[in-house]
Amino acid sequence: MSIQQEIHKAMKDIQAKLNEKQELDHAEVEKLLLAALIEEEA
Amino acid sequence: MKGSILFIQLTRIGDLIQSAQAVRQFKTENPDISCHILVRTKFAKGIEFLLESVFDKIYYVDTKELLRNGSFSNGIENLKEILTELNTNNYDVSVNYSYNKSSSYFHSLIESKQKIGLHRNFKTEMTVTDPWSQFVFSNVMRGPNSPFNIVDLFRYTLGVKDMHVLQPPQDDKREETIVLHPFASSKKKRWGATRWVELIYKLTRELPETTFHIVGGPQDTTEVGKIINSPALEKVKNQVISHVGTANIADTFRLLQRAKLFIGHDSMVSHLAAETITPSIVLSLGTVRPHETTPYSDRVINLAPKNKCFPCEIKTDCELLPCHTSINHQAVAGIASHVYKTGSTEIKSLLKEMTPFYFNQLKVYKSFYTDQGLRLEEQTGDFKAINDVFKTYYDIIFQYYLRGVDIQGELPEITKDTASHLYRYLEGTNYLYELFNFGIKYCNQIIKKSEEKNPNFEAIQKDIAKLGEIDSLCQVTKQTYPLLANIVDFFHVNKANSPGNNLIEIAKSNLLCYYDASNLIAVLSDFIKKSAEQQINVTESIKEV
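Protein chains in written order, with our numbering: chain A, 1 to 42; chain B, 43 to 587.
Simulated from the structure, these hints should not be mistaken for lab results.
A couple of the hints might just be wrong.
[As the list claims (entries may be wrong)] Below, a list of computed lysine to aspartate or glutamate pairs in the EDC-like style, where the Cα atoms sit at most 20 Å apart:
{"id": "1", "chain 1": "B", "residue 1": "Lys84", "chain 2": "A", "residue 2": "Glu23"}
{"id": "2", "chain 1": "A", "residue 1": "Lys21", "chain 2": "B", "residue 2": "Glu167"}
{"id": "3", "chain 1": "B", "residue 1": "Lys394", "chain 2": "B", "residue 2": "Glu361"}
{"id": "4", "chain 1": "B", "residue 1": "Lys390", "chain 2": "B", "residue 2": "Glu355"}
{"id": "5", "chain 1": "B", "residue 1": "Lys87", "chain 2": "A", "residue 2": "Glu28"}
{"id": "6", "chain 1": "B", "residue 1": "Lys165", "chain 2": "A", "residue 2": "Glu20"}
{"id": "7", "chain 1": "B", "residue 1": "Lys87", "chain 2": "B", "residue 2": "Glu71"}
{"id": "8", "chain 1": "B", "residue 1": "Lys106", "chain 2": "A", "residue 2": "Glu41"}
{"id": "9", "chain 1": "B", "residue 1": "Lys508", "chain 2": "B", "residue 2": "Glu476"}
{"id": "10", "chain 1": "B", "residue 1": "Lys520", "chain 2": "B", "residue 2": "Glu455"}
{"id": "11", "chain 1": "B", "residue 1": "Lys165", "chain 2": "A", "residue 2": "Glu41"}
{"id": "12", "chain 1": "B", "residue 1": "Lys357", "chain 2": "A", "residue 2": "Glu40"}
{"id": "13", "chain 1": "B", "residue 1": "Lys550", "chain 2": "A", "residue 2": "Glu20"}
{"id": "14", "chain 1": "B", "residue 1": "Lys268", "chain 2": "A", "residue 2": "Glu40"}
{"id": "15", "chain 1": "B", "residue 1": "Lys165", "chain 2": "A", "residue 2": "Asp13"}
{"id": "16", "chain 1": "B", "residue 1": "Lys143", "chain 2": "A", "residue 2": "Glu23"}
Same shape as in the complex, but just chain A:
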């Protein structure tokens, strides 16, 4: 799986959790952080 594919899958799972108004755990926020760093690098 490419990095972009990994990000896409992670974001999909996180969005599903947020749609159910659940809180994220540390690991999920770390994924959001790394995705943001990659986005800003571009």
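Given the structure of chain A, go ahead and fit chain B onto it with the hints provided.
For chain B alone, coordinates are given in the frame of chain A:
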């Protein structure tokens, strides 16, 4: 007092320098507090020499390095290592000076006792709880009318009381050199090679013994070629030396330390010039906001266009760049030559001798220190334009409201035109005063109804809906009276971040916000009335606030 603070600054080099300038002042007042900083390698490595003079430890994050193993999940593991190392410090406070997505997530993952600046809760909702960061988020990120320099805003968030600025060394000997940085990150901010050639040509004629050093990064190589290879500069080739792509930031710093003058755009190099206390002339164009980003030194002349469209927004398309023609190269050369020869940025008498034609479309600001921070004073006119009048009001209002500092002074001198324009704003302040008082009314109703034995939820819902309407009407008022945006936006963010775990607590917090908002708008209305009265009769038919 001992303790430890982590600063997060993940944006660009200029922002890093400004952060360091604020923290240096903080450390002067709090020498026993350990200050660490989290930065991006690509922006911070070049100024490591500067950051090391301020911070006790620097943590670098490099996205490419995080992804060195080629996968996102390995990247997460590498990120966890950085976070674990950061959190072993058990920071008392963490401060986010960057207002971007990654910094907000980083901040959420730092286990500090208190957070200042942007962070997120674990539903990814953005949170800004301290008032000065709310000011930055509402006034700096959302509009162009903040009266404060960014360095001062950073100082205020840390509670720095006094000014602790760099002083020139006793034997501050300078060489007969001028450093030029004719480049900027965007076309809108960049004056253009042709105008720079005209300026350099004029200055080489006036200052034949002076050497001109052009500095810039590898990305500026094409642009510098247009300047140094211009036929106009053929005869003065030996006076103009390009260091573009060869000198690193530390080399540029050393050139600035020896130079008598710096001329450039709003950029990282102009902030370096402030660090070397080199007299500077800064050309503010496009999206630049001189009051916010003037390099932190009292030796700066900032030239800004009077065009109505200035400053513009990043997303605004502009092919014609009309603000560029407002800065005449002859005016820049005249001011530069004077500052170079005298070593002083006192230029009022010089400007009176220059043709007024140059200043039809040009504002000339001089920087100076007050007890509260760095400010700009317009040098070409005796009267303030309306934008600058409002900046004066907001300086007084927010200094008092957020720092308890009472600034004494005269109301700004204005023309009859400006007075008429101000008079129109009285109506806007009246609308906002009414709206904020409605906010007080409905918050009180919500609290009262919620505390009843059997609360009527339908009635409470209606009051909550009313508060939503008030917010919408405040936004509409802001569209009609854009110079009132500072107060509208500040309290919008302030209310959105009010503490409270249930409806009654939130309503009580919002009630206090509305009280403060109504008081501040009343003060603003009073300032406007008194200013306008200097020139026109303010009729009694205006509703008294």
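Original post:
Which hint numbers does the structure go against, in order from smallest to largest?
Top reply: 1, 3, 4, 5, 7, 10, 11, 13 and 14
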